[in-house]
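Asker: Here are the chains, one letter per residue:
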Amino acid sequence: MRSLLLITAYLLVHAGLYGGWLRHRAALRGERTIFLYHFLSWIISVGGAGAWGLCTQGLPAAGALTVLCGSLHGIYSLSFLELWSLSQGSYSLSILTAVERDSTLESLRPDAALLGAIGQQKRAARLVSLQRLGLLNAREAVTPPGRLAAALISGIITLSNGRNLNR
Amino acid sequence: MTWLLSVISALTGVILTHAVLRRLRPADNSVVQFLALAALGAGLLAWVLTRTATPPVQQLAALALLTFGCELYLFLFTFAISSVSLALLLEKTGRNDASAPVAQAPTPAARVERMLESRLLLRTPAGYALAPAGRVIVRTRQMLRNFFLHET
Numbered sequence: 001m002r003s004l005l006l007i008t009a010y011l012l013v014h015a016g017l018y019g020g021w022l023r024h025r026a027a028l029r030g031e032r033t034i035f036l037y038h039f040l041s042w043i044i045s046v047g048g049a050g051a052w053g054l055c056t057q058g059l060p061a062a063g064a065l066t067v068l069c070g071s072l073h074g075i076y077s078l079s080f081l082e083l084w085s086l087s088q089g090s091y092s093l094s095i096l097t098a099v100e101r102d103s104t105l106e107s108l109r110p111d112a113a114l115l116g117a118i119g120q121q122k123r124a125a126r127l128v129s130l131q132r133l134g135l136l137n138a139r140e141a142v143t144p145p146g147r148l149a150a151a152l153i154s155g156i157i158t159l160s161n162g163r164n165l166n167r
Numbered sequence: 168m169t170w171l172l173s174v175i176s177a178l179t180g181v182i183l184t185h186a187v188l189r190r191l192r193p194a195d196n197s198v199v200q201f202l203a204l205a206a207l208g209a210g211l212l213a214w215v216l217t218r219t220a221t222p223p224v225q226q227l228a229a230l231a232l233l234t235f236g237c238e239l240y241l242f243l244f245t246f247a248i249s250s251v252s253l254a255l256l257l258e259k260t261g262r263n264d265a266s267a268p269v270a271q272a273p274t275p276a277a278r279v280e281r282m283l284e285s286r287l288l289l290r291t292p293a294g295y296a297l298a299p300a301g302r303v304i305v306r307t308r309q310m311l312r313n314f315f316l317h318e319t
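The listed protein sequences derive, respectively, from chains A and B. Numbered according to this note's numbering, the first sequence terminates at residue 167, and the numbering increases by one at each position without gaps. Numbered according to this note's numbering, the second sequence terminates at residue 319, and the numbering increases by one at each position without gaps.
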């Protein structure tokens with residue numbers, strides 16, 4: 001239980017540091033830097049938990065402590081980054097916000113130019129993102145890592161019997 | 168390391184059962200289906216670990232790992248079906264269904280239909296309006312944007 005309390009305290013300090021100070025710093029407002037803030041913390045905490053477990057409780061418990069710390073930090077970081085990303089630029093949320101902004105009419109036609117414009121902006125921005133990630137090249141052709149990512153995505157969509165909603 | 172194998176078995180079981188359930192009841196909410204199965208999987212895992220007298224730290228680690236695995240899979244499959252970037256990538260690799268190609272720009276029609284099904288939007292004679300749940304989501308998003316200091 002002591003380990004659980006220590007890990008929880010570490011995560012609270014990490015979140016508190018962001019909420020109280022780091023979110024006001026321009027450097028922590030980018031996608032890459034906020035990801036690094038979590039990823040580096042994950043590496044440090046998992047390493048620390050493993051080392052502490054080895055020194056105080058032996059190998060089997062150290063393995064479990066490493067997994068416990070990595071998983072709890074993973075749950076926290078994934079939730080945090082998802083909220084960060086969704087609040088920044090989700091297409092569905094942009095549509096909901098566009099409907100809400102039309103307060104004088106209380107409604108929005110499905111074929112409204114505004115929704116189409118959101119889609120156009122999204123497409124342009126995401127093409128640049130895919131190129132920056134190395135999944136598309138400068139001529140918008142798929143690179144080998146892009147093919148691998150597409151195969152993984154297709155596998156997940158097939159497994160969960162879903163279909164991409166952007167069609 | 169038996170506890171680790173138990174976690175892998177539980178996670179595989181949850182994902183495969185979800186795949187079967189999606190085919191048996193495709194109209195139901197896939198996220199709710201997955202969450203129910205994940206809760207069931209976690210309960211079964213806790214029962215197995217208690218029965219095998221697994222030490223408390225390993226039990227906690229196993230349950231935390233299963234929860235993280237489930238959250239990651241949930242994130243991946245919701246991201247895969249809703250991401251504009253991934254739709255573009257699939258379009259470029261020709262992996263999208265040829266009978267339903269991606270439009271030149273992502274169209275809102277499928278999203279709007281989905282939001283109507285989820286009761287986030289209401290159909291009105293003039294078009295659409297926010298349902299109470301949609302209004303809560305928009306407010307929450309604004310609160311989060313203020314917290315994260317995203318530019319408006």
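It should be emphasised that the hints constitute simulated quantities derived from the structure, not laboratory data. Any given hint could be a false lead.
Computed, partial: chain B to chain A, Cβ under 10 Å [as the list claims (entries may be wrong)]:
(1) Ser173
(2) Ala203
(3) Ala213
(4) Trp214
(5) Leu256
(6) Val279
(7) His317
Pairwise CB distance ranges, derived in the manner of DEER restraints [unchecked claim]:
(8) Ala125/A - Pro222/B: 45 to 51 Å
(9) Arg163/A - Thr184/B: 44 to 50 Å
(10) Arg290/B - Val13/A: 43 to 49 Å
(11) Gln57/A - Thr184/B: 32 to 38 Å
(12) Thr184/B - Ala15/A: 29 to 35 Å
(13) Pro222/B - Glu140/A: 52 to 58 Å
(14) Met310/B - Leu152/A: 42 to 48 Å
Where a beta carbon is used, it is the ideal one built from N, C-alpha and C, also for glycine.
Asker: Next, verify each hint and record whether it holds.
Answerer: Each hint, compared with the structure:
1. Ser173: Violated. Min distance 12 Å.
2. Ala203: 15 Å, violated
3. Ala213: 15 Å, violated
4. Trp214: Given a least distance of 19 Å, the restraint on tryptophan 214/B is violated.
5. Leu256: 5 Å, holds
6. Val279: 6 Å, holds
7. His317: Where the cut-off is 10 Å and the nearest Cβ of chain A is about 5 Å from histidine 317/B, the hint holds.
8. Ala125/A - Pro222/B: 45 to 51 Å: 49 Å, holds
9. Arg163/A - Thr184/B: 44 to 50 Å: Between arginine 163/A and threonine 184/B, where Cβ atoms are some 20 Å apart, the hint is violated.
10. Arg290/B - Val13/A: 43 to 49 Å: 48 Å, holds
11. Gln57/A - Thr184/B: 32 to 38 Å: 35 Å, holds
12. Thr184/B - Ala15/A: 29 to 35 Å: 34 Å, holds
13. Pro222/B - Glu140/A: 52 to 58 Å: Roughly 54 Å apart at Cβ, these two residues keep to the hinted range, so it holds.
14. Met310/B - Leu152/A: 42 to 48 Å: Cβ of methionine 310/B to Cβ of leucine 152/A: about 33 Å, so the range 42 to 48 Å is violated.
Going through the hint list in order, the structure does not satisfy hints 1, 2, 3, 4, 9, 14.
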